[in-house]
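Line by line, the protein sequences give chains A and B.
The working numbering puts the first residue of the first sequence at 195, with every later residue one more than the last.
The working numbering puts the first residue of the second sequence at 195, with every later residue one more than the last.
I should point out that these hints are in silico values taken from the structure, not numbers from a laboratory.
Among the hints, erroneous ones may be present.
Unchecked claim - Using C-beta positions, here's what the derived DEER-type ranges look like:
{"id": "1", "chain 1": "A", "residue 1": "A217", "chain 2": "B", "residue 2": "G235", "range": "29 to 35 Å"}
{"id": "2", "chain 1": "B", "residue 1": "N300", "chain 2": "A", "residue 2": "N216", "range": "33 to 39 Å"}
{"id": "3", "chain 1": "A", "residue 1": "N304", "chain 2": "B", "residue 2": "N300", "range": "20 to 26 Å"}
Unchecked claim - Now the stretches of chain B that chain A is said to cover, found in silico as 3 or more residues with beta-carbon under 8 Å:
{"id": "4", "stretch": "279-286"}
{"id": "5", "stretch": "357-369"}
As the list claims (entries may be wrong) - So, partial list: chain A residues that the calculated Cβ filter (under 8 Å) puts toward chain B:
{"id": "6", "residue": "K350"}
{"id": "7", "residue": "S380"}
{"id": "8", "residue": "A382"}
The beta carbon of each residue, even a glycine, is placed where N, CA and C say it ideally should be.
Number of protein chains: 2
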Amino acid sequence: MTYCLAMALDQGLVFCSDSRTNAGPDRVSTYSKMHRFSVPGDRSLVILTAGNLATSQAVIAQLQRDLEENTDFNIFNARYVSDIADYLGTLSLAEQDKYAKKGGPNAGFNASASFIIGGQIKGQDQELYMVYPEGNHITASDLYPYLQIGETKYGKPILDRIIRPDTPVETAMRCALVSIDSTMRSNATVGPPLECLFYRRGSLEPQERYFKLEENHPYLAELRQSWDDNIRSAFEELPSLSAMLEGDE
Amino acid sequence: MTYCLAMALDQGLVFCSDSRTNAGPDRVSTYSKMHRFSVPGDRSLVILTAGNLATSQAVIAQLQRDLEENTDFNIFNARYVSDIADYLGTLSLAEQDKYAKKGGPNAGFNASASFIIGGQIKGQDQELYMVYPEGNHITASDLYPYLQIGETKYGKPILDRIIRPDTPVETAMRCALVSIDSTMRSNATVGPPLECLFYRRGSLEPQERYFKLEENHPYLAELRQSWDDNIRSAFEELPSLSAMLEGDE
Numbered sequence: 195m196t197y198c199l200a201m202a203l204d205q206g207l208v209f210c211s212d213s214r215t216n217a218g219p220d221r222v223s224t225y226s227k228m229h230r231f232s233v234p235g236d237r238s239l240v241i242l243t244a245g246n247l248a249t250s251q252a253v254i255a256q257l258q259r260d261l262e263e264n265t266d267f268n269i270f271n272a273r274y275v276s277d278i279a280d281y282l283g284t285l286s287l288a289e290q291d292k293y294a295k296k297g298g299p300n301a302g303f304n305a306s307a308s309f310i311i312g313g314q315i316k317g318q319d320q321e322l323y324m325v326y327p328e329g330n331h332i333t334a335s336d337l338y339p340y341l342q343i344g345e346t347k348y349g350k351p352i353l354d355r356i357i358r359p360d361t362p363v364e365t366a367m368r369c370a371l372v373s374i375d376s377t378m379r380s381n382a383t384v385g386p387p388l389e390c391l392f393y394r395r396g397s398l399e400p401q402e403r404y405f406k407l408e409e410n411h412p413y414l415a416e417l418r419q420s421w422d423d424n425i426r427s428a429f430e431e432l433p434s435l436s437a438m439l440e441g442d443e
Numbered sequence: 195m196t197y198c199l200a201m202a203l204d205q206g207l208v209f210c211s212d213s214r215t216n217a218g219p220d221r222v223s224t225y226s227k228m229h230r231f232s233v234p235g236d237r238s239l240v241i242l243t244a245g246n247l248a249t250s251q252a253v254i255a256q257l258q259r260d261l262e263e264n265t266d267f268n269i270f271n272a273r274y275v276s277d278i279a280d281y282l283g284t285l286s287l288a289e290q291d292k293y294a295k296k297g298g299p300n301a302g303f304n305a306s307a308s309f310i311i312g313g314q315i316k317g318q319d320q321e322l323y324m325v326y327p328e329g330n331h332i333t334a335s336d337l338y339p340y341l342q343i344g345e346t347k348y349g350k351p352i353l354d355r356i357i358r359p360d361t362p363v364e365t366a367m368r369c370a371l372v373s374i375d376s377t378m379r380s381n382a383t384v385g386p387p388l389e390c391l392f393y394r395r396g397s398l399e400p401q402e403r404y405f406k407l408e409e410n411h412p413y414l415a416e417l418r419q420s421w422d423d424n425i426r427s428a429f430e431e432l433p434s435l436s437a438m439l440e441g442d443e
């Protein structure tokens with residue numbers, strides 16, 4: 195499993211990903227799920243991947259090959275981020291089709307993968323999409339300014355509570371880290387290092403901030419401890435059941 | 195969907211359930227998922243249900259029929275709660291087998307249901323089990339003192355942080371409500387009224403506390419608002435990214 199998320203904020207785009215992959219409990223490895231492509235002044239794009247590692251690696255490899263061979267359509271000559279989302283969907287479906295559900299030894303095999311693609315191309319506003327395993331895609335909205343792929347549920351409630359388009363970048367990045375940390379705590383197949391990137395809207399520069407937190411990074415340890423303490427305090431301060439419910443029992 | 199949970203605490207057992215069922219977005223209804231069976235001084239048992247409503251209703255109906263007909267094994271003459279968990283698994287499998295995956299019109303139809311059964315029978319300690327759709331069951335442990343069925347992931351992180359065997363009942367019930375509230379917020383197929391019950395270990399009485407919170411109950415509204423405010427404060431108080439990460443960017 196994996197957990198990646200991205201947010202479309204007024205100030206720009208935030209991307210965050212874990213780095214654990216597993217194929218059964220004894221095949222746990224570490225791979226970056228964050229892929230950056232940029233031409234300063236022209237475009238800045240980030241792709242996050244989840245799902246079958248063979249599929250997502252093949253898709254990224256094909257995308258890079260198309261770039262090197264300067265094919266008619268590639269990530270550096272595309273005019274819209276949505277076209278790149280279409281292209282990712284097409285590559286992903288083609289790759290899955292090679293291996294999955296053909297009957298025979300692979301009957302029922304699931305090679306599906308999901309992608310988040312976001313960034314900005316000169317002349318356009320920033321864009322953010324999630325590409326489904328089926329190849330189609332959705333974008334974020336003002337009411338729902340974030341997208342997730344992989345093991346999404348554990349870390350969703352905190353995003354629902356905190357993230358709005360006008361959330362400051364610092365808060366949004368912290369919220370992304372808390373969301374991933376909650377997921378790591380509840381699901382052993384999501385794990386560090388965590389990567390986090392902020393692209394400032396309109397800058398067309400690769401990124402304004404990027405950092406990677408290893409398991410033993412002091413900030414991650416402090417964030418965890420602090421969040422755990424604060425959640426406990428948040429509980430202590432909730433209204434007492436006993437007083438409020440006397441009439442209902 | 196549905197979300198139910200139960201906790202095995204030093205002081206006793208806590209059960210909490212939502213009441214929404216849906217079969218597609220235009221077939222949303224309200225059914226209690228909490229079923230209580232007790233003989234004061236002899237036994238006190240609570241069953242929570244999730245999954246296919248026809249299956250779970252049929253299982254509870256058969257269990258009640260066996261009770262009325264005083265069959266060789268029923269919920270009032272069982273000697274161990276684990277035997278009742280076996281019995282629920284058997285009833286559930288038999289019911290599913292009538293309809294599911296027979297080929298023909300029902301090929302691929304999923305009639306699965308899950309159950310939580312907990313309580314105490316005279317001469318035994320309290321027990322708590324989750325019955326899988328496959329009919330087998332697991333119990334809670336000291337390190338993992340709660341069980342969940344239905345839409346379990348959204349509400350799990352808060353349980354992982356707060357619930358230990360020595361957690362006071364008041365805190366545990368509050369935590370259960372917060373866990374369900376987080377789930378309702380992230381998934382529209384989980385909804386009020388919420389039912390919450392506390393059985394005191396060793397009492398063999400039906401319950402020490404029971405309450406039901408409708409959507410507009412002032413405690414639920416206050417809990418929600420307070421939790422939302424407290425989570426936001428908890429964020430504000432987290433260590434700043436900027437100061438900690440200067441060396442890593």
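These are the hints, each one checked on the structure:
1. The given range of 29 to 35 Å is broken by A/A217 and B/G235, whose C-beta atoms sit roughly 54 Å from each other.
2. Evaluation of the 33 to 39 Å hint for B/N300 and A/N216 yields a pass: the beta carbon distance comes to about 35 Å.
3. The supplied range of 20 to 26 Å is met by A/N304 and B/N300, whose beta-carbon atoms lie about 24 Å from each other.
4. Check result for the stretch 279-286 of chain B against chain A: violated, 0 residues qualifying (beta carbon to beta carbon below 8 Å, three or more required).
5. Figure legend: the stretch 357-369 of chain B, annotated as covered by chain A; annotation consistent (5 residues with Cβ-Cβ distances under 8 Å, at least 3 required).
6. For A/K350, the interface hint holds, since its Cβ comes within 8 Å of a Cβ in chain B; the closest pair sits about 5 Å apart.
7. Among the interface hints, the one on A/S380 holds; its C-beta lies about 5 Å from the nearest C-beta in chain B, closer than the 8 Å criterion.
8. Interface restraint check: A/A382 against chain B, minimum CB-CB distance 12 Å, threshold 8 Å, status violated.
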